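Student: Now for the letters of each chain:
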Amino acid sequence: MNELAPTPDLPEGANAQDYLRMYRQMVRIRAFEDSANQLYLDARMPGLTHMYSGEEAVAVGICEALERTDKITSTHRGHGHCVAKGAEFKPMFCELLGKVEGYCRGKGGSMHIADQSNGNLGANAIVGGSMGIATGSALRAKLQGADDVTVCFFGDGATAQGLLYEVMNMAALWSLPVIYACENNGYSEYTKTEEIAAGSILARAEAFGIEAHQVDGQDVLAVNTLARDLVARARKGEGPFFIELMTYRYHGHHVGDINRLYYRSKEEEATWKETRDPITLFGAWLTREGVASEEDLQGIESAVRAEAAEAVSYALDAAYPDVSEVTMHVYAGEG
Amino acid sequence: MMREITLSQAVNEAIAEEMRRDETVFLIGEDVAEAGTPFKVLSGLVEEFGTDRVIDTPIAEPGFMGMAVGAAMTGARPIVDLMFGDFLYLVMDQLCNQAAKTHYMSGGKLKVPLVLRTNLGATRRSAAQHSQSLQALVAHIPGLKVAMPSSAYEAKGLMKAAIRDDNPVVIFEDKLMYQDKAPVPEEEYLIPLGQAKILREGRDVTLIGTSSMRQVCEGAAERLAGEGIEAEVIDPRSIVPLDEGALLASALKTSRVIVVDEGHQSFGVTAEIAARINEKAFYHLDAPVLRFGAMDVPVPFSPVLEDLTVPTVDAVADAARKLVAGELIHAA
Ligand SMILES: Cc1ncc(C[n+]2csc(CCOP(=O)(O)OP(=O)(O)O)c2C)c(N)n1
Ligand SMILES: [Mg+2]
Chain D
1 MNELAPTPDL
11 PEGANAQDYL
21 RMYRQMVRIR
31 AFEDSANQLY
41 LDARMPGLTH
51 MYSGEEAVAV
61 GICEALERTD
71 KITSTHRGHG
81 HCVAKGAEFK
91 PMFCELLGKV
101 EGYCRGKGGS
111 MHIADQSNGN
121 LGANAIVGGS
131 MGIATGSALR
141 AKLQGADDVT
151 VCFFGDGATA
161 QGLLYEVMNM
171 AALWSLPVIY
181 ACENNGYSEY
191 TKTEEIAAGS
201 ILARAEAFGI
211 EAHQVDGQDV
221 LAVNTLARDL
231 VARARKGEGP
241 FFIELMTYRY
251 HGHHVGDINR
261 LYYRSKEEEA
271 TWKETRDPIT
281 LFGAWLTREG
291 VASEEDLQGI
301 ESAVRAEAAE
311 AVSYALDAAY
321 PDVSEVTMHV
331 YAGEG
Chain G
1 MMREITLSQA
11 VNEAIAEEMR
21 RDETVFLIGE
31 DVAEAGTPFK
41 VLSGLVEEFG
51 TDRVIDTPIA
61 EPGFMGMAVG
71 AAMTGARPIV
81 DLMFGDFLYL
91 VMDQLCNQAA
101 KTHYMSGGKL
111 KVPLVLRTNL
121 GATRRSAAQH
131 SQSLQALVAH
141 IPGLKVAMPS
151 SAYEAKGLMK
161 AAIRDDNPVV
171 IFEDKLMYQD
181 KAPVPEEEYL
191 IPLGQAKILR
201 EGRDVTLIGT
211 SSMRQVCEGA
221 AERLAGEGIE
231 AEVIDPRSIV
241 PLDEGALLAS
251 ALKTSRVIVV
261 DEGHQSFGVT
271 AEIAARINEK
281 AFYHLDAPVL
291 RFGAMDVPVP
301 FSPVLEDLTV
311 PTVDAVADAA
321 RKLVAGELIH
331 AA
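Line by line, the protein sequences are chains D and G.
Taking our numbering, the leading residue of the first sequence gets 1, the next gets one more, and so forth.
Taking our numbering, the leading residue of the second sequence gets 1, the next gets one more, and so forth.
No wet-lab data here; the hints were simulated from the structure.
Be a bit skeptical, because a hint or two may be false.
As the list claims (entries may be wrong) - Within a straight-line C-alpha distance of at most 25 Å, the following computed SDA-like cross-link-like pairs (lysine to any residue) qualify: (1) G:LYS109 x D:VAL100; (2) G:LYS322 x G:PRO241; (3) G:LYS160 x G:PRO241; (4) G:LYS109 x D:LYS192; (5) D:LYS236 x G:LYS253; (6) D:LYS236 x D:TYR250; (7) G:LYS322 x G:PHE282; (8) G:LYS109 x D:GLY333; (9) G:LYS160 x D:VAL330; (10) D:LYS192 x D:TYR250; (11) D:LYS142 x G:GLY194; (12) G:LYS109 x D:VAL326; (13) D:LYS142 x D:ARG235; (14) D:LYS90 x D:ALA306; (15) D:LYS142 x G:LYS280; (16) G:LYS253 x G:LYS160; (17) D:LYS236 x G:ASP56; (18) D:LYS192 x D:ARG276; (19) D:LYS142 x G:PRO241; (20) D:LYS90 x D:ALA318; (21) G:LYS109 x D:GLU195; (22) G:LYS109 x D:ALA306; (23) G:LYS280 x D:THR327; (24) D:LYS192 x D:LYS142; (25) G:LYS160 x D:LYS90; (26) D:LYS90 x G:LYS109; (27) G:LYS280 x D:SER324; (28) G:LYS109 x D:ARG276; (29) D:LYS142 x G:ALA60; (30) G:LYS109 x D:ASP147; (31) D:LYS273 x D:GLU195; (32) D:LYS236 x G:GLY75; (33) D:LYS236 x D:ARG276; (34) D:LYS90 x D:GLU195; (35) D:LYS142 x G:THR51; (36) G:LYS109 x D:THR69; (37) G:LYS109 x D:LYS236; (38) D:LYS142 x G:PHE282; (39) D:LYS142 x G:PRO58; (40) G:LYS109 x D:PRO46.
This one's a predicted model, so the numbers in the text were calculated from it and none came from an experiment.
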């Protein structure tokens, strides 16, 4: 088992509470995804969904460096971002099940979940579709003299979209407070990243004069330390920045992608789960550093699992939208 | 006497007034600042509002369109300048998948108050990629509003209403009309989207014309008047929302309708309006609703060919005559 290196200089202001919240948030994402996967397997969830399991340290490491007023844009694999930015389980499960108490009244579903109360501008079913939105949010912040930062999450596959290069160009020209967070999980659907990305991903950002970093996306402290630094600097007008987070998704591309031997091996999956799991690694660090005991961590785990189970049964019993809602919210200001 | 200004000045005034009134309004697009756009519509704005609010971009339509969506979602009111309507194809994802759907998909929580101002219109000898009238393309997408000013007066009032609207609004200006003058009051006014205007009353036939096709309809009406045929001319002013009530009322009154729009005729604005009139006024009609759109060909460069592709006063007047004479009634 690889271990997280002890972090000699702990982030300023960080304390046991912060570490435990980070741990808890990662566990919450894992628990949310396990429940969502089970809802799919039990044929109780309409449609498909994309699991974030394995990538928890990316969303949590970054979102724990953000204020509530900071913004994020998310992807089709967006539950992790949503939880990490502060969303609650009940309205999330309700959304996944198309219930009226969902964050989007059941009209968005898994791939469009948005939680503007916490600055989540929404998941996006168009790969790369939110790059303009994130950069525009940063432009608005700059124009209005607001000090919020926007983080744009996207996958390695999305780096093939031209929009990224259009908006990075403008973000760099205008020093916008945006951080491009590329979650490199090694795959774009059923294709390995090296087959779809020529050259170096970091070098693409650097070509625009954007400071770019690669970080171990399984190491929540490394992610968080880097993110705190970049967020603080972006707030001061030193943005944009680019981060490539090396990570791995445990499940298939979506919950229905079960037989995946044709594109990746069981051994590869097992190696990541056994030696690079972000929650296990951080848990080991917490106990080793004396921040928490095994029992503390187990307590967090069982409390979170109970919360998830309760939210799932709440959502299963919750009401669907009234049929009159079908024509509601096509236009703002018209009910 | 009310002063007369050009359509270009009217758009400029509308934007300037709204930018003075609301500091969250900003302009973004290619060569909008010092250059004031290739059509010079925005000249002078950067001098008043500075480069923070009149923002020149690189040539990256999807990029700045997407950024406008993000800025609008988070509290600004961007006006996107798309140099030619033909470039709509480049921004379709950001406009139709993102801007148009965000309010609905978020269950009403997020709003995208932005204006996309662009243009339409052939016969500038600009060939197939700088001459299209693509209003039907965006009118098809729920969540977008679409306005089509037919004079300087409409251009100003509709632009001001669009900027204050909480939804994404696409405004098509006819690039041949930028220098056309019309009376425009000094006092402030807005034209709400979804209110058609009867430009001329008549009892024999209704001519519905969008944007510069209003001039075609008015020209035809003038000619018909000399022959004793009274044509009613109506400008819908916005096609989404569409003032169906006003169009139907006129159809009931005259029993004969011709719809004229410069988009390609097939699957377009004229088809939609004709279908609605057929559905809701069928038993009041004396003849089928006729349509004139651009020919279903890419716009050709050669002037002799290009002029054939757009609706004309001659064609509309001729059709109206036949309608009124009962020559187009096919029923046995
Ligand atoms: C524009 C577009 N093209 C294709 C798809 C289908 N699609 C959905 S997810 C995906 C792969 C995305 O890979 P990546 O960006 O690496 O994200 P990951 O799924 O690995 O998190 C594809 C091709 C899409 N949704 N949008
Ligand atoms: Mg990927």
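Student: All the hints need checking, so say for each whether the structure fits it.
Tutor: How the hints compare with the structure:
1. G:LYS109 x D:VAL100: Roughly 13 Å between the alpha carbons, so the hint for LYS109 (chain G) and VAL100 (chain D) holds.
2. G:LYS322 x G:PRO241: Violated - the C-alpha atoms of PRO241 (chain G) and LYS322 (chain G) are around 31 Å apart, more than 25 Å.
3. G:LYS160 x G:PRO241: Holds, at about 16 Å.
4. G:LYS109 x D:LYS192: Judged against 25 Å, a Cα distance of about 37 Å means the pair is violated.
5. D:LYS236 x G:LYS253: 65 Å, violated
6. D:LYS236 x D:TYR250: Violated, at about 37 Å.
7. G:LYS322 x G:PHE282: Roughly 19 Å separates the two Cα atoms, so the pair holds.
8. G:LYS109 x D:GLY333: 11 Å, holds
9. G:LYS160 x D:VAL330: 22 Å, holds
10. D:LYS192 x D:TYR250: 15 Å, holds
11. D:LYS142 x G:GLY194: Answer violated: LYS142 (chain D) to GLY194 (chain G) is near 35 Å, above 25 Å.
12. G:LYS109 x D:VAL326: 15 Å, holds
13. D:LYS142 x D:ARG235: OK: LYS142 (chain D) and ARG235 (chain D) at ~10 Å, within 25 Å.
14. D:LYS90 x D:ALA306: 12 Å, holds
15. D:LYS142 x G:LYS280: 51 Å, violated
16. G:LYS253 x G:LYS160: Outside the cut-off at roughly 32 Å; violated.
17. D:LYS236 x G:ASP56: 24 Å, holds
18. D:LYS192 x D:ARG276: Judged against 25 Å, a Cα distance of about 19 Å means the pair holds.
19. D:LYS142 x G:PRO241: Measuring from Cα to Cα gives roughly 34 Å; hence the hint is violated.
20. D:LYS90 x D:ALA318: Since the Cα atoms of LYS90 (chain D) and ALA318 (chain D) sit roughly 10 Å apart, the hinted pair holds (cutoff 25 Å).
21. G:LYS109 x D:GLU195: 39 Å, violated
22. G:LYS109 x D:ALA306: 29 Å, violated
23. G:LYS280 x D:THR327: 21 Å, holds
24. D:LYS192 x D:LYS142: With Cα atoms ~37 Å apart, LYS192 (chain D) and LYS142 (chain D) exceed 25 Å; violated.
25. G:LYS160 x D:LYS90: 42 Å, violated
26. D:LYS90 x G:LYS109: Distance of about 17 Å is within 25 Å: holds.
27. G:LYS280 x D:SER324: With a Cα-Cα distance of about 24 Å, the restraint between LYS280 (chain G) and SER324 (chain D) holds, given a limit of 25 Å.
28. G:LYS109 x D:ARG276: Since the Cα atoms of LYS109 (chain G) and ARG276 (chain D) sit roughly 38 Å apart, the hinted pair is violated (cutoff 25 Å).
29. D:LYS142 x G:ALA60: Given pair LYS142 (chain D), ALA60 (chain G) holds - Cα atoms ~20 Å apart, limit 25 Å.
30. G:LYS109 x D:ASP147: 23 Å, holds
31. D:LYS273 x D:GLU195: Given pair LYS273 (chain D), GLU195 (chain D) holds - Cα atoms ~24 Å apart, limit 25 Å.
32. D:LYS236 x G:GLY75: OK: LYS236 (chain D) and GLY75 (chain G) at ~21 Å, within 25 Å.
33. D:LYS236 x D:ARG276: 34 Å, violated
34. D:LYS90 x D:GLU195: This hinted pair is violated, its Cα atoms lying about 39 Å apart.
35. D:LYS142 x G:THR51: 13 Å, holds
36. G:LYS109 x D:THR69: Roughly 16 Å between the alpha carbons, so the hint for LYS109 (chain G) and THR69 (chain D) holds.
37. G:LYS109 x D:LYS236: 30 Å, violated
38. D:LYS142 x G:PHE282: Status violated; Cα separation ~56 Å.
39. D:LYS142 x G:PRO58: This hinted pair holds, its Cα atoms lying about 18 Å apart.
40. G:LYS109 x D:PRO46: 22 Å, holds
In summary, the numbered hints that this structure violates are 2, 4, 5, 6, 11, 15, 16, 19, 21, 22, 24, 25, 28, 33, 34, 37 and 38.
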